[in-house]
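J.: Now for the letters of each chain:
There are 2 protein chains.
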Amino acid sequence: MITTTDKTSDGEPRGPLAGIRVLDTTGVVVGPVATLMLAEQGADVIKIEPPEGDLMRRLGGRPRKPGMSPKFLHFNRNKRSIVLDLKSDEGREVMARLVATADVFVSNMRPRALQSLGLTFAAMAAINPRIVHCTISGFAIGGPYAGVPAYDTIIQGLSGVAACHAEVLGEPRFAPFVLTDHLVGIVAAQAICAALLGRQRTGVGEAIEVPMFENAAAFVLSEHLDQRTFDPDGHMGDPRIMNPDARPLQTQDGYICVSANTDAQMRAFFDAIGRPELKDDPRFASVASRVVHVRAYFAIRAEAMRERTTAEWVEILRRHDVPAMPYHTLQSLLDDPQLRGSGVLTNEIQNNEDGQEESMLGLRHPNRYSNTGVPASRLAPRFGEHGEEILAELGFGADERRRLAGRGADAAE
Amino acid sequence: MITTTDKTSDGEPRGPLAGIRVLDTTGVVVGPVATLMLAEQGADVIKIEPPEGDLMRRLGGRPRKPGMSPKFLHFNRNKRSIVLDLKSDEGREVMARLVATADVFVSNMRPRALQSLGLTFAAMAAINPRIVHCTISGFAIGGPYAGVPAYDTIIQGLSGVAACHAEVLGEPRFAPFVLTDHLVGIVAAQAICAALLGRQRTGVGEAIEVPMFENAAAFVLSEHLDQRTFDPDGHMGDPRIMNPDARPLQTQDGYICVSANTDAQMRAFFDAIGRPELKDDPRFASVASRVVHVRAYFAIRAEAMRERTTAEWVEILRRHDVPAMPYHTLQSLLDDPQLRGSGVLTNEIQNNEDGQEESMLGLRHPNRYSNTGVPASRLAPRFGEHGEEILAELGFGADERRRLAGRGADAAE
Chain A
1 MITTTDKTSD GEPRGPLAGI RVLDTTGVVV GPVATLMLAE QGADVIKIEP
51 PEGDLMRRLG GRPRKPGMSP KFLHFNRNKR SIVLDLKSDE GREVMARLVA
101 TADVFVSNMR PRALQSLGLT FAAMAAINPR IVHCTISGFA IGGPYAGVPA
151 YDTIIQGLSG VAACHAEVLG EPRFAPFVLT DHLVGIVAAQ AICAALLGRQ
201 RTGVGEAIEV PMFENAAAFV LSEHLDQRTF DPDGHMGDPR IMNPDARPLQ
251 TQDGYICVSA NTDAQMRAFF DAIGRPELKD DPRFASVASR VVHVRAYFAI
301 RAEAMRERTT AEWVEILRRH DVPAMPYHTL QSLLDDPQLR GSGVLTNEIQ
351 NNEDGQEESM LGLRHPNRYS NTGVPASRLA PRFGEHGEEI LAELGFGADE
401 RRRLAGRGAD AAE
Chain B
1 MITTTDKTSD GEPRGPLAGI RVLDTTGVVV GPVATLMLAE QGADVIKIEP
51 PEGDLMRRLG GRPRKPGMSP KFLHFNRNKR SIVLDLKSDE GREVMARLVA
101 TADVFVSNMR PRALQSLGLT FAAMAAINPR IVHCTISGFA IGGPYAGVPA
151 YDTIIQGLSG VAACHAEVLG EPRFAPFVLT DHLVGIVAAQ AICAALLGRQ
201 RTGVGEAIEV PMFENAAAFV LSEHLDQRTF DPDGHMGDPR IMNPDARPLQ
251 TQDGYICVSA NTDAQMRAFF DAIGRPELKD DPRFASVASR VVHVRAYFAI
301 RAEAMRERTT AEWVEILRRH DVPAMPYHTL QSLLDDPQLR GSGVLTNEIQ
351 NNEDGQEESM LGLRHPNRYS NTGVPASRLA PRFGEHGEEI LAELGFGADE
401 RRRLAGRGAD AAE
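Just so you know, the sequences run in chain order A and B. The first sequence begins at 1 in UniProt numbering and counts up one residue at a time. The second sequence begins at 1 in UniProt numbering and counts up one residue at a time.
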């Protein structure tokens, strides 16, 4: 099993990104998802909040504690919060000090805003030539939509995510997630780490841009260009996915998910459902022919599954080496033994307004690192919770901290 | 604008991951998505295919050229292919030589298979202590489902992706993408880069595990735990997303996507639709109250959009600073000026069976790196296309290459 050897003096794992400092001026979802991954891997993520705070503190569902909405809690754990008014001289003074100490700067501001706040890559590189400056944009700079405000639903509608739902459902719908924000946030975390690796070779930082629309469209089209790849009149949309029976299949008492893609799995599946004669049916004989006859293939699956209970089918299919698992509702998912056993879903303690401890359900980093490990998890920060601490680390004395407090840099406590 | 200064001798950008070598034994989607990101950032990704080839060569839609399905082409560009029978002595001999030269090994084999093929982290670290060994698993090792075969649809059904569709549509459905494969592939690429950064500090590689189920469940629950975060009986599912009107909105001539989350956007939106009196409606006065009254808020949006054409609304809303964009079908997306202008969607040249050049539609890396840049794009490899070349690089002479060819290591040409 996996064991951690890279530990702090108190025996805690440090994480693969220990020693990396990230300045995060983003809010809502896309940026916070990116920096969450870095924070969970041991980076010191300083969440720089404007005087009004990250919108997600209020937008992310009813909070138990003011400014601590559920979604805010789940996207901002393991980060530190400082309040900076970057429009004020005091805020810029603190920011300049932070830039000198940082490896990464992340924002989703538009170029004009970065310019007016003095947060361009050029301005930061003058202070710290090794900084990696990541801009998460709606639309790539230089294109006709550059600078147009983008939110997840707008990107879903424009990038083909909603169109794929229309292919299946007959009308455009959004995915039931903040899908493109969430997806592009992970892409940004990957691009940032790639740029940090590039820095090891070149010795200098760089500006990187991660555009939401282009990433979302590439995500959709890589799966669904299909015959349009070759033929200007070719059909788009993977028929194995845009298929009425490509869904959890109804059983006598619920739903089951079955997957039988290889020839061996196909043969085992037809044996399992008592239709061995279909093994020799030319429509299903090869992967290529099953792709052509996917509707018939999936229809036979759907019909067969209705005949028994989910538990019966899982047992029978497992015995025949056909991949199959039951379907989880959101409720039943929470009781899943694998999920609970993995430690990804855990009972955390959060202090309520009166400082009393109340338990809450929290999430943890799902991946494992045998040597560097995953650092102990900390709850999402209160608004400005670490302002004092960070100002002190930057070498601001007590008098300076008093001067700064409430004038652009605020502990907000 | 972004300019590249880190170039090869022929003036090509090298990419942030130049100099990183990745051994990729994965197939289908999750692994190839992970190594695609690394390949596009300049890593030398060696795709090690079994004698039967990556299943996606046949599963990914009707090919123009045998073994080159559309989806295979889009998930495997910029990689090199060698055919190795890892069950044969010759295959292992070549693999050992490759491991000595590599930074990263990626597989989605189960522990038993890694063991029997001698591909465990321990075995590789004995040859190369700096190797980062990434296993993309269905379910985390140590849990009750460890080793159970997992495919995207099974993970979608089990992790709550299908359940979120049930919340909106009344019945479980899959997202119209290979969503969890695609998502976890990006997560794996990020975890690999994080581990490579950790290696810079510790001096040694490590084994990392990226489990699909746990990552997909964390993705779903971070958005939808909602009140269940605090209260064992609390409601799950973000009501702003699980909402009948959270979709592209019908206009007189099509669909539009509108987003108005801040107070300023709310006020501007009510002005834009000629309902200024609603600005003072207590149900909509704050972010928090709009979250509570989201159904009413979204219903007003939906009703208003029916009154004009998409173009009229986009112009009016843009004028009022309300984020809005038209909805794209898969067809209209291909003609989008931003997407075409970005170079993400491009006309490539592919040789057909007779060696004649035919144009095809290809995708490119969407992100930008001001210093290291994005290397020139290469088409996905033919089966075993680079076998000879790679064997020669490893120092196998002509005689040895002949001995190996067709006996575990095959140029397949």
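Everything labelled a hint here was simulated from the structure, so no lab data went into it. From a predicted model like this one, the values you see are computed outputs, not experimental measurements. Hints may be right or wrong, so weigh each one.
Heads up, the list lumps identical chains together, so a pair's fine if it works in one copy or across two of them.
Taking lysine to any residue pairs in the SDA-like style, the calculated list, with each CA pair at most 25 angstroms apart, reads [unchecked claim]:
| id | residue 1 | residue 2 |
| --- | --- | --- |
| 1 | Lys87 | Val287 |
| 2 | Lys279 | Pro13 |
| 3 | Lys65 | His293 |
| 4 | Lys7 | Gln200 |
| 5 | Lys87 | Arg283 |
J.: Confirm or reject each hint.
T.: Each hint, compared with the structure:
no.: 1; hint: Lys87 <-> Val287; verdict: between (60 angstroms within a copy, 24 angstroms between copies)
no.: 2; hint: Lys279 <-> Pro13; verdict: neither (52 angstroms within a copy, 51 angstroms between copies)
no.: 3; hint: Lys65 <-> His293; verdict: between (55 angstroms within a copy, 20 angstroms between copies)
no.: 4; hint: Lys7 <-> Gln200; verdict: both (23 angstroms within a copy, 15 angstroms between copies)
no.: 5; hint: Lys87 <-> Arg283; verdict: neither (67 angstroms within a copy, 32 angstroms between copies)
When each numbered hint is compared with the structure, violations occur for hints 2, 5.
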